[in-house]
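In order, the protein sequence lines correspond to chains A and B.
Okay, so the first sequence: first residue is 1 according to this note's numbering, each after it adds one.
Okay, so the second sequence: first residue is 103 according to this note's numbering, each after it adds one.
What the hints contain is simulated information worked out from the structure, not anything from laboratory work.
From the three backbone atoms N, C-alpha and C, an ideal C-beta is built for every residue, glycine too.
A portion of the hints provided could be inaccurate.
To be verified - Label-pair distances were calculated between CB atoms; the ranges are: (1) Pro90(A) / Val143(B): 18 to 28 angstroms; (2) Cys26(A) / Val143(B): 48 to 58 angstroms; (3) Arg268(B) / Gln87(A): 28 to 38 angstroms; (4) Lys76(A) / Ala386(B): 29 to 39 angstroms; (5) Gly36(A) / Ile251(B): 52 to 62 angstroms; (6) Trp159(B) / Lys76(A): 53 to 63 angstroms; (7) Cys26(A) / Arg400(B): 31 to 41 angstroms; (8) Lys76(A) / Asp271(B): 26 to 36 angstroms; (9) Lys122(B) / Gly96(A): 25 to 35 angstroms; (10) Lys122(B) / Cys26(A): 24 to 34 angstroms; (11) Cys8(A) / Lys122(B): 38 to 48 angstroms.
As the list claims (entries may be wrong) - Capping the alpha-carbon separation at 30 angstroms, the derived lysine-lysine pairs in DSSO-like fashion look like this: (12) Lys76(A) / Lys440(B); (13) Lys440(B) / Lys419(B); (14) Lys35(A) / Lys76(A); (15) Lys229(B) / Lys419(B); (16) Lys122(B) / Lys76(A); (17) Lys286(B) / Lys229(B); (18) Lys286(B) / Lys76(A); (19) Lys92(A) / Lys229(B); (20) Lys121(B) / Lys92(A); (21) Lys76(A) / Lys229(B); (22) Lys122(B) / Lys35(A); (23) Lys229(B) / Lys440(B); (24) Lys35(A) / Lys124(B); (25) Lys122(B) / Lys385(B); (26) Lys440(B) / Lys286(B); (27) Lys128(B) / Lys35(A); (28) Lys440(B) / Lys385(B); (29) Lys121(B) / Lys35(A); (30) Lys419(B) / Lys76(A); (31) Lys92(A) / Lys419(B); (32) Lys76(A) / Lys124(B); (33) Lys121(B) / Lys76(A).
Read off the chains here:
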Amino acid sequence: MSEWVRVCAAEEIDEEDLIRFDHGGCSFAVYNTEKGFFATDGYCSHEAQHLEDGLVMGTVIECPLHQGRFEITTGKALSAPVCVDLQTYPIKLEDGDIFIRL
Amino acid sequence: MTGNIATNAASSGIVFDRKKLKALAKRSDRPGLIWLAQWVVLLTVTGWIVYLTLGSWWLLPAMMVYGTVLTVPAYALSHECAHGTAFRTRWLNEACLWLGSLIYFEEPHHRRYSHTRHHTYTWHVGKDSQMPFDTPMTFRGWLLETTGIALFSYEIRVFALNALGRFSDETRTFTPVSELPKLKWGARACLAVYALLTALVASGSVWPLYFILLPRLLGGPVMLLFTLIQHVELQENSPSILESTRSFRTGCIGRFLYMNMNNHVEHHLYPLVPFHGLPALSKAIADQLPEPDPGFFRTNWEVFQVVLHRSLGRSTKAPSLRQAPNMITAGGFDRLSKASMS
Numbered sequence: 001m002s003e004w005v006r007v008c009a010a011e012e013i014d015e016e017d018l019i020r021f022d023h024g025g026c027s028f029a030v031y032n033t034e035k036g037f038f039a040t041d042g043y044c045s046h047e048a049q050h051l052e053d054g055l056v057m058g059t060v061i062e063c064p065l066h067q068g069r070f071e072i073t074t075g076k077a078l079s080a081p082v083c084v085d086l087q088t089y090p091i092k093l094e095d096g097d098i099f100i101r102l
Numbered sequence: 103m104t105g106n107i108a109t110n111a112a113s114s115g116i117v118f119d120r121k122k123l124k125a126l127a128k129r130s131d132r133p134g135l136i137w138l139a140q141w142v143v144l145l146t147v148t149g150w151i152v153y154l155t156l157g158s159w160w161l162l163p164a165m166m167v168y169g170t171v172l173t174v175p176a177y178a179l180s181h182e183c184a185h186g187t188a189f190r191t192r193w194l195n196e197a198c199l200w201l202g203s204l205i206y207f208e209e210p211h212h213r214r215y216s217h218t219r220h221h222t223y224t225w226h227v228g229k230d231s232q233m234p235f236d237t238p239m240t241f242r243g244w245l246l247e248t249t250g251i252a253l254f255s256y257e258i259r260v261f262a263l264n265a266l267g268r269f270s271d272e273t274r275t276f277t278p279v280s281e282l283p284k285l286k287w288g289a290r291a292c293l294a295v296y297a298l299l300t301a302l303v304a305s306g307s308v309w310p311l312y313f314i315l316l317p318r319l320l321g322g323p324v325m326l327l328f329t330l331i332q333h334v335e336l337q338e339n340s341p342s343i344l345e346s347t348r349s350f351r352t353g354c355i356g357r358f359l360y361m362n363m364n365n366h367v368e369h370h371l372y373p374l375v376p377f378h379g380l381p382a383l384s385k386a387i388a389d390q391l392p393e394p395d396p397g398f399f400r401t402n403w404e405v406f407q408v409v410l411h412r413s414l415g416r417s418t419k420a421p422s423l424r425q426a427p428n429m430i431t432a433g434g435f436d437r438l439s440k441a442s443m444s
């Protein structure tokens, strides 16, 4: 059964940036983009590299190790070497805090 | 999946302010386009000199200069575009990846995927798919590497196997199954281009011979001297890029031809930083890095002396070249690793 879990205060994520969020043995990436806040799996689907040090460009996240790119809003793999989509997770803002549904 | 296994800044104990890193990693088409325009100008000037010297003994040195201007940047462009960092615009990256890889002599998809493994497991025996020579290097290994014999024999085999769809175990370890058809059709496309050039020469057209094929062969050793010193004589199987990888000083011509990849430690620490951000990155984290090795010529000269001494059973301690402790012996050596590109 899914639940809403608090991630952090919205102001803690810079614009066009992301943070890592670990919960229940899993790791997520939570983004602040020009289109709002989003969340995806934390690890790149190509190899075991966390996206937390990646580069956010608009609504695209680039993996810091091999530069594979994903569309943040959908998790879609955009360019090699990545070819498997990321799972996305619903996000909501409440009283200035970010919540992720897991 | 948890746990960071890759060889990078984190595994090397390097820290750098995230905001500054983001600023250096910012993508733009402008630096890449300027670099591309400068390359075209250099190729035109040196190519014109080749044209003027046709029929004279000056042709050979002219072609060596043109070949260096053709081949070293083609390798560097192929590498930068395999990372997707040369340009912000994706199709420009892909077009230049094809152009650079065709000249360098590697199928572009294979180039990209084999290079990802090189970054994940930099200089790790049995895991890094781009270890081009046995370690420690001997004089024979040096000859095979710098003449291009090792590279051509490896790539010809990869081209042939991939074009037939008979992928090696090595290729399958770093390529997602869904991408293998791209390697097959990419290899066929490259071979078609090479066949076309060969057919043109066979039919009496000399321009592919004078402006592509011979210059590529003559410029190859210079390119390979640049790539040789990235990791030679350094530590295998270390999580730290500082121990496995070498940066070296070089002049403005070398930096241009090699797209600043003389900052090779910095590149492996933060591969998301484009070529034009590497000099600033190098300055910013200089206090955490080993001193770059001396210039391109001196570094290569010392490598040459070391491998010669090793083959002659003499001391392999270099005067100033940075070496891993296990590379330095008073005479004699044990084979440490076999090339993955063989």
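Hints and how they fare:
1. Pro90(A) / Val143(B): 18 to 28 angstroms: Hint violated: Cβ distance 53 angstroms, outside 18 to 28 angstroms.
2. Cys26(A) / Val143(B): 48 to 58 angstroms: 53 angstroms, holds
3. Arg268(B) / Gln87(A): 28 to 38 angstroms: Hint holds: Cβ distance 35 angstroms, inside 28 to 38 angstroms.
4. Lys76(A) / Ala386(B): 29 to 39 angstroms: 34 angstroms, holds
5. Gly36(A) / Ile251(B): 52 to 62 angstroms: 56 angstroms, holds
6. Trp159(B) / Lys76(A): 53 to 63 angstroms: Cβ of Trp159(B) to Cβ of Lys76(A): about 59 angstroms, so the range 53 to 63 angstroms holds.
7. Cys26(A) / Arg400(B): 31 to 41 angstroms: 51 angstroms Cβ-Cβ, so the 31 to 41 angstroms window is violated.
8. Lys76(A) / Asp271(B): 26 to 36 angstroms: 31 angstroms, holds
9. Lys122(B) / Gly96(A): 25 to 35 angstroms: 28 angstroms, holds
10. Lys122(B) / Cys26(A): 24 to 34 angstroms: For Lys122(B) and Cys26(A) the Cβ distance comes to about 30 angstroms; the hint holds.
11. Cys8(A) / Lys122(B): 38 to 48 angstroms: 22 angstroms, violated
12. Lys76(A) / Lys440(B): Not OK: Lys76(A) and Lys440(B) at ~39 angstroms, beyond 30 angstroms, violated.
13. Lys440(B) / Lys419(B): 22 angstroms, holds
14. Lys35(A) / Lys76(A): 16 angstroms, holds
15. Lys229(B) / Lys419(B): Holds, at about 28 angstroms.
16. Lys122(B) / Lys76(A): 28 angstroms, holds
17. Lys286(B) / Lys229(B): Holds, at about 23 angstroms.
18. Lys286(B) / Lys76(A): Within the cut-off at roughly 25 angstroms; holds.
19. Lys92(A) / Lys229(B): Outside the cut-off at roughly 42 angstroms; violated.
20. Lys121(B) / Lys92(A): 26 angstroms, holds
21. Lys76(A) / Lys229(B): 29 angstroms, holds
22. Lys122(B) / Lys35(A): Holds: Lys122(B) and Lys35(A) sit about 24 angstroms apart, inside 30 angstroms.
23. Lys229(B) / Lys440(B): 11 angstroms, holds
24. Lys35(A) / Lys124(B): Status holds; Cα separation ~19 angstroms.
25. Lys122(B) / Lys385(B): 12 angstroms, holds
26. Lys440(B) / Lys286(B): Given that 30 angstroms is the threshold and the Cα spacing comes to 27 angstroms, the pair holds.
27. Lys128(B) / Lys35(A): The hint holds at about 19 angstroms.
28. Lys440(B) / Lys385(B): 35 angstroms, violated
29. Lys121(B) / Lys35(A): OK: Lys121(B) and Lys35(A) at ~21 angstroms, within 30 angstroms.
30. Lys419(B) / Lys76(A): The hint is violated at about 51 angstroms.
31. Lys92(A) / Lys419(B): Violated, because 62 angstroms separates the two Cα atoms, which is more than 30 angstroms.
32. Lys76(A) / Lys124(B): 23 angstroms, holds
33. Lys121(B) / Lys76(A): 26 angstroms, holds
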